[in-house]
Amino acid sequence: MTQSPIKHVVFDIGRVLLHYDPELPFSRIIPDDDARLWFFENICTHEWNVEQDRGRSWDDAEALLIEQHPDHETHIRAFRSNWHDMVPHAYEDSVAIMRGLIEDGHDVTMLTNFASDTFREVQKRFDFLNETRGVTVSADIGAIKPDREIFDTHVAAFGLEPGATLFIDDSPANVDGAQAAGWHAVHFTGADKLRSDLKTYGIVA
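Numbering of the sequence shown is given in our numbering, commencing with residue 4 and proceeding in unit increments.
No wet-lab data here; the hints were simulated from the structure. Hints should not be assumed to be uniformly reliable.
[Stated by the list, open to error] Here are the simulated lysine to any residue pairs, SDA-like style, with alpha carbons at most 25 Å apart:
{"no.": "1", "residue 1": "K10", "residue 2": "K127"}
{"no.": "2", "residue 1": "K10", "residue 2": "V90"}
{"no.": "3", "residue 1": "K196", "residue 2": "D110"}
{"no.": "4", "residue 1": "K10", "residue 2": "H109"}
{"no.": "5", "residue 1": "K202", "residue 2": "G103"}
{"no.": "6", "residue 1": "K196", "residue 2": "R80"}
{"no.": "7", "residue 1": "K10", "residue 2": "E26"}
{"no.": "8", "residue 1": "K196", "residue 2": "T112"}
{"no.": "9", "residue 1": "K196", "residue 2": "R57"}
{"no.": "10", "residue 1": "K127", "residue 2": "R57"}
{"no.": "11", "residue 1": "K127", "residue 2": "V111"}
{"no.": "12", "residue 1": "K10", "residue 2": "G166"}
With the hints as extra help, turn the sequences into a complete structure.
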């Protein structure tokens, strides 16, 4: 099947361009594996963290958990205060692909689930996050992937044609969300697969 011409390439950030792993600082903060697993499954859960991506403040997020789990206040506060260590480095191969697309004249933007303050933090640390035409940060608009709203907002903000847009994300649910919004989308598992996926769309990287 011949793919439609792609005019716009949109990158996710976490686990596509940047390494993200809460285990990195918490393996030191809570050394016991079982205790650490329990903490992430019952206190600082994915569901709790994603609300910061939706725009909830860290102060409100911490207060909510501390009220429920006062004995774990120190570890709850450690999540935000050690966030820097959860993002230790970029995926250089992915960044090279992104920069190559920009250099070749492709229209490149970014769309990410991220808290506003932590995104501004990584934006200062990693220059390549300032090299695309722009970015939609979920917390800035109060909507998260895979909800349709964030994809439509990105289209409107950057004047994209959904049917000519290719999205790259590490989450299958977000890939599905992009496709439901009329975009093309590929599941990121590594730079080699991404190059192959781009080639399928006639893009050499």
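Taking the hints in turn, this is what the structure says about them:
1. In summary, the hint linking K10 to K127 is not supported, as the alpha carbons are separated by about 28 Å, beyond the 25 Å threshold.
2. Taken as a hint, the K10 and V90 pair is broken in the structure, with Cα atoms around 30 Å apart against an allowance of 25 Å.
3. At most 25 Å may separate the alpha-carbon atoms for a hinted pair to count; K196 and D110 meet this at roughly 21 Å.
4. Distance check on the hinted pair: K10 and H109 sit about 7 Å apart at the alpha-carbon level, within 25 Å; holds.
5. Distance restraint check for K202 and G103: the Cα-Cα separation of roughly 14 Å lies within the 25 Å cut-off, and the hinted pair is therefore satisfied.
6. Restraint check: the Cα-Cα separation between K196 and R80 comes to about 38 Å, which exceeds 25 Å; the hinted pair is violated.
7. With a CA separation close to 38 Å, the supplied pair K10 and E26 exceeds the 25 Å bound.
8. In summary, the hint linking K196 to T112 is supported, as the alpha carbons are separated by about 20 Å, within the 25 Å threshold.
9. Simply put, K196 and R57 have alpha-carbon atoms about 30 Å apart, too far for the 25 Å limit, and the pair is violated.
10. Simply put, K127 and R57 have alpha-carbon atoms about 21 Å apart, close enough for the 25 Å limit, and the pair holds.
11. A threshold of 25 Å between alpha carbons decides the hint, and for K127 with V111 the separation of about 19 Å falls inside it, so the pair holds.
12. Between K10 and G166 the alpha-carbon distance is near 9 Å, which keeps this suggested pair within the 25 Å criterion.
In this structure, the earlier hints numbered 1, 2, 6, 7, 9 are contradicted, and the remaining ones agree with it.
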